[in-house]
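Student: Read off the chains here:
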Amino acid sequence: MKTKLRYVILALLILIPSIINLLTPLYNRRLPEFFGMPFFYWFQTVWLALCSGFYLGFARLMNGGKNKEEETVNR
Amino acid sequence: MTTIGLATIIPFLGLFALFIVLGFYGKYWRRGNLNDIHEWSLAGRKLGTTLVFFLLGADIYTAYTFVAIPSGVFAKGSLYFFAIPYVALAFGVALVTMPRLLALSKEKGYITASDFIKDKFGSKTLAVLVAITGIVSLLPYIALQIVGMQSVLIVMLSGITNSHTVQEISLLVAFVILAAFTYTSGLRGATLTAILKDILIWITVVAVIIVVPLSIGGFGTAFRDVKPSYVTVPNSLVTGYATLVLGSALALYLYPHAINGVLSSESVHKLRRSTALLPLYGIGLAIMALMGILVYAVPPAMNFLSHFPESSRGILVVPSLILYSMPPWFTGIALLGIFIGGLVPAAIMAMSQANLLTRNIIKEIRPNTSASSEIRITKISSTVFKFVALGFVFTIPATYAISLQLLGGILIIQILPAVFFGLYIKSLRKEALIPGLLVGIFSGTFMVEYTNHFGALTSSLFNIPIFGSLYIAVVALTFNLTISFGGSIIMNRKDGLALFQTKKQ
Chain A
1 MKTKLRYVIL ALLILIPSII NLLTPLYNRR LPEFFGMPFF YWFQTVWLAL CSGFYLGFAR
61 LMNGGKNKEE ETVNR
Chain B
1 MTTIGLATII PFLGLFALFI VLGFYGKYWR RGNLNDIHEW SLAGRKLGTT LVFFLLGADI
61 YTAYTFVAIP SGVFAKGSLY FFAIPYVALA FGVALVTMPR LLALSKEKGY ITASDFIKDK
121 FGSKTLAVLV AITGIVSLLP YIALQIVGMQ SVLIVMLSGI TNSHTVQEIS LLVAFVILAA
181 FTYTSGLRGA TLTAILKDIL IWITVVAVII VVPLSIGGFG TAFRDVKPSY VTVPNSLVTG
241 YATLVLGSAL ALYLYPHAIN GVLSSESVHK LRRSTALLPL YGIGLAIMAL MGILVYAVPP
301 AMNFLSHFPE SSRGILVVPS LILYSMPPWF TGIALLGIFI GGLVPAAIMA MSQANLLTRN
361 IIKEIRPNTS ASSEIRITKI SSTVFKFVAL GFVFTIPATY AISLQLLGGI LIIQILPAVF
421 FGLYIKSLRK EALIPGLLVG IFSGTFMVEY TNHFGALTSS LFNIPIFGSL YIAVVALTFN
481 LTISFGGSII MNRKDGLALF QTKKQ
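Read top to bottom, the protein sequences are chains A and B. In this text, residue positions in the first sequence follow the working numbering: the first is 1, and each later residue adds one. In this text, residue positions in the second sequence follow the working numbering: the first is 1, and each later residue adds one.
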């Protein structure tokens with residue numbers, strides 16, 4: 001059960017940023033502006049940093065199971 | 001027209017000298033036997049988190065980002081900002097595929113994706129097809145790097161007589177130097193110079209994003225006067241935007257040079273960490289892309305651009321904006337950053353092409369090639385590939401190189417079913433993957449030609465009723481996936497196997 005939860009969290013850490021990156025209508029708007037920059041531009045730029053956050057979470061969780069990692073390569 | 005003074009030329013040449021020193025010093029850095037292919041092509045497979053970050057940064061943030069994307073934003077508007085979510089998504093794709101490829105490669109000694117394909121599917125034909133696709137799709141990519149370097153030289157040499165000849169000679173000299181140090185230092189030289197390149201690029205983007213908006217009175221000024229298609233993506237192009245993001249993100253880590261960078265990494269853990277951090281690099285790319293809009297609010301830069309034919313203005317946007325908004329000494333630093341920003345990736349790309357040619361094509365034809373001739377052929381062909389691309393740029397117009405790069409993306413994505421799904425799904429069949437790959441390549445090429453009315457390639461979007469505009473790479477990949485999976489299912493059912501019989505973990 002615990003490993004199942006781990007897989008769900010891992011999947012979400014990749015899927016959430018991916019879906020938002022692909023949902024263009026979500027950020028395809030002018031307002032609210034940020035120092036005169038349309039939402040479209042500043043959101044996508046700021047989102048890069050947040051994506052890195054998700055991905056670091058994914059990397060940490062994957063790297064946590066160090067021994068498991070070596071096991072998967074035993075073919 | 002402005003002529004660039006010594007205040008710009010001295011920092012430019014000084015840093016270029018440092019670049020040369022670093023390139024050759026690579027040979028002594030973390031010494032290894034450079035006649036061993038793993039040492040020469042993969043820097044001994046021991047690059048840590050930071051170095052892989054820089055190396056992959058060099059692979060990914062190239063003249064495509066400094067030249068092609070700002071040029072696209074300048075000419076067409078917000079559609080070309082797709083590059084930002086594209087890189088954000090690409091690293092997610094990389095995180096689920098590349099660590100596994102690295103782990104397998106370390107165990108089995110793979111150097112290219114084609115090595116993996118051959119071992120996994122036991123098919124020489126498929127391995128050779130994957131290798132050829134990789135080599136062909138990189139040619140216009142290298143040419144694009146050279147176009148980026150050209151854009152710097154055009155701006156620097158504007159106003160002098162014979163500028164065209166001087167520019168071609170300068171490119172030739174730069175390439176001879178590059179060829180010499182990649183020959184002797186291999187990936188080590190590329191990695192060290194990548195660090196210099198990245199430092200210079202970062203200094204440039206940070207300075208530009210502070211100085212330019214302040215001098216023009218805020219972003220608002222730039223955005224107030226542009227057409228609506230520069231503020232948001234027009235409705236008719238929203239599906240095009242999303243599919244460009246998807247297709248480009250899926251294609252990125254299929255390019256041989258990206259895989260080469262991944263395989264040089266020391267461990268799966270370090271690879272994950274550096275990949276997770278790479279979207280941060282995209283912030284620099286976003287700033288570069290914004291220059292395509294900011295330049296409209298800088299009248300001297302626009303005036304400068306108006307001296308050039310409309311088709312070549314785009315590639316000059318970034319260098320000319322820097323020239324007209326920064327002090328001369330800084331312009332020298334920034335322009336060198338962009339110049340080597342084309343040179344370093346070109347070196348890595350040519351190396352990965354050479355690996356494919358030697359290991360996956362020549363060795364297939366002549367299996368008893370010795371290790372020492374393998375490395376010699378690799379080094380020589382990496383030099384040849386660089387000059388082929390240079391010849392390409394000298395003979396065709398710059399704008400054409402950018403268009404051909406569109407075609408490169410459509411081709412390379414067709415190896416996805418074999419490479420990405422091959423990592424996880426056991427029962428894909430080579431007999432289905434081969435026709436899938438071929439149908440993908442031919443349908444993609446046909447759609448590109450059709451959508452551009454069999455003329456010069458300017459668009460990579462295809463209009464399909466109901467769906468709207470779609471990135472051709474995604475459409476062709478759908479055909480490819482249908483054949484690869486459909487064919488495998490049918491064949492496995494005959495043999496009584498399940499398709500999704502994944503490997504026991």
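In case anyone wonders, no lab produced these hints; they're calculated from the structure. Given the structure is predicted, the values throughout are model-derived calculations rather than measurements. We treat Cβ as the ideally placed atom computed from N, Cα and C, and that holds for glycine. Worth double-checking, as some hints may not be accurate.
Stated by the list, open to error - DSBU-like cross-link-like pairs, simulated, lysine-lysine; straight-line CA separation at most 30 Å: (1) B/K120 with B/K227; (2) A/K4 with B/K76; (3) A/K4 with B/K106; (4) B/K227 with B/K426; (5) B/K494 with B/K106; (6) B/K430 with B/K227; (7) B/K227 with A/K4; (8) B/K426 with A/K2; (9) B/K120 with B/K106; (10) B/K108 with B/K120; (11) B/K363 with B/K426.
Stated by the list, open to error - So these bits of chain B aren't anywhere near chain A, every CB distance computed over 12 Å: (12) L6; (13) G14; (14) A17; (15) A83; (16) T232; (17) V238; (18) S267; (19) H453; (20) F485.
Student: It remains to establish, for every hint, whether it holds in the given structure.
Tutor: Here's how the hints hold up against the structure:
Restraint check: the Cα-Cα separation between B/K120 and B/K227 comes to about 52 Å, which exceeds 30 Å; the hinted pair is violated. For the suggested pair A/K4 and B/K76, the alpha carbons sit about 46 Å apart, so the restraint of at most 30 Å is broken. With a CA separation close to 28 Å, the supplied pair A/K4 and B/K106 stays within the 30 Å bound. As the CA atoms of B/K227 and B/K426 are separated by approximately 51 Å, the hinted pair breaks the 30 Å bound.
The suggested pairing of B/K494 with B/K106 is violated, with an alpha-carbon distance near 35 Å, which exceeds 30 Å. Our distance criterion of 30 Å between C-alpha atoms is broken by B/K430 and B/K227, whose separation comes to about 50 Å. Distance restraint check for B/K227 and A/K4: the Cα-Cα separation of roughly 50 Å exceeds the 30 Å cut-off, and the hinted pair is therefore not satisfied. Distance check on the hinted pair: B/K426 and A/K2 sit about 26 Å apart at the alpha-carbon level, within 30 Å; holds.
Restraint check: the Cα-Cα separation between B/K120 and B/K106 comes to about 15 Å, which is no more than 30 Å; the hinted pair holds. Of the supplied pair hints, the one linking B/K108 and B/K120 holds, its CA atoms being roughly 11 Å apart against a limit of 30 Å. Taking the CA atoms of B/K363 and B/K426, the gap is about 26 Å. The hint holds against a cut of 30 Å. With a least beta-carbon separation of about 36 Å from chain A, B/L6 lies farther than 12 Å from that chain, consistent with its non-interface assignment.
At roughly 32 Å from the closest C-beta of chain A, the C-beta of B/G14 stays outside 12 Å, upholding its exclusion from the interface. Distance check for B/A17 against chain A: the nearest CB is about 34 Å away, which clears 12 Å, and the non-interface claim stands. The Cβ of B/A83 does not lie farther than 12 Å from every Cβ of chain A; its closest approach is about 10 Å, which violates its non-interface assignment. For B/T232, the requirement that its beta carbon stay farther than 12 Å from each beta carbon of chain A is not met, with the minimum near 5 Å.
Listed as a non-interface residue, B/V238 fails to keep its Cβ farther than 12 Å from every Cβ of chain A; the least gap is roughly 5 Å. Consistency note on B/S267: stated as away from chain A, yet its beta-carbon is not over 12 Å from all of that chain's, at 9 Å minimum. The beta carbon of B/H453 is kept farther than 12 Å from every beta carbon of chain A, the shortest such distance being approximately 27 Å. For B/F485, the shortest C-beta to C-beta distance to chain A comes to about 21 Å, beyond the 12 Å cut-off, and the non-interface label holds.
Checked against the numbered hints listed earlier, the structure breaks hints 1, 2, 4, 5, 6, 7, 15, 16, 17, 18; every other hint is satisfied.
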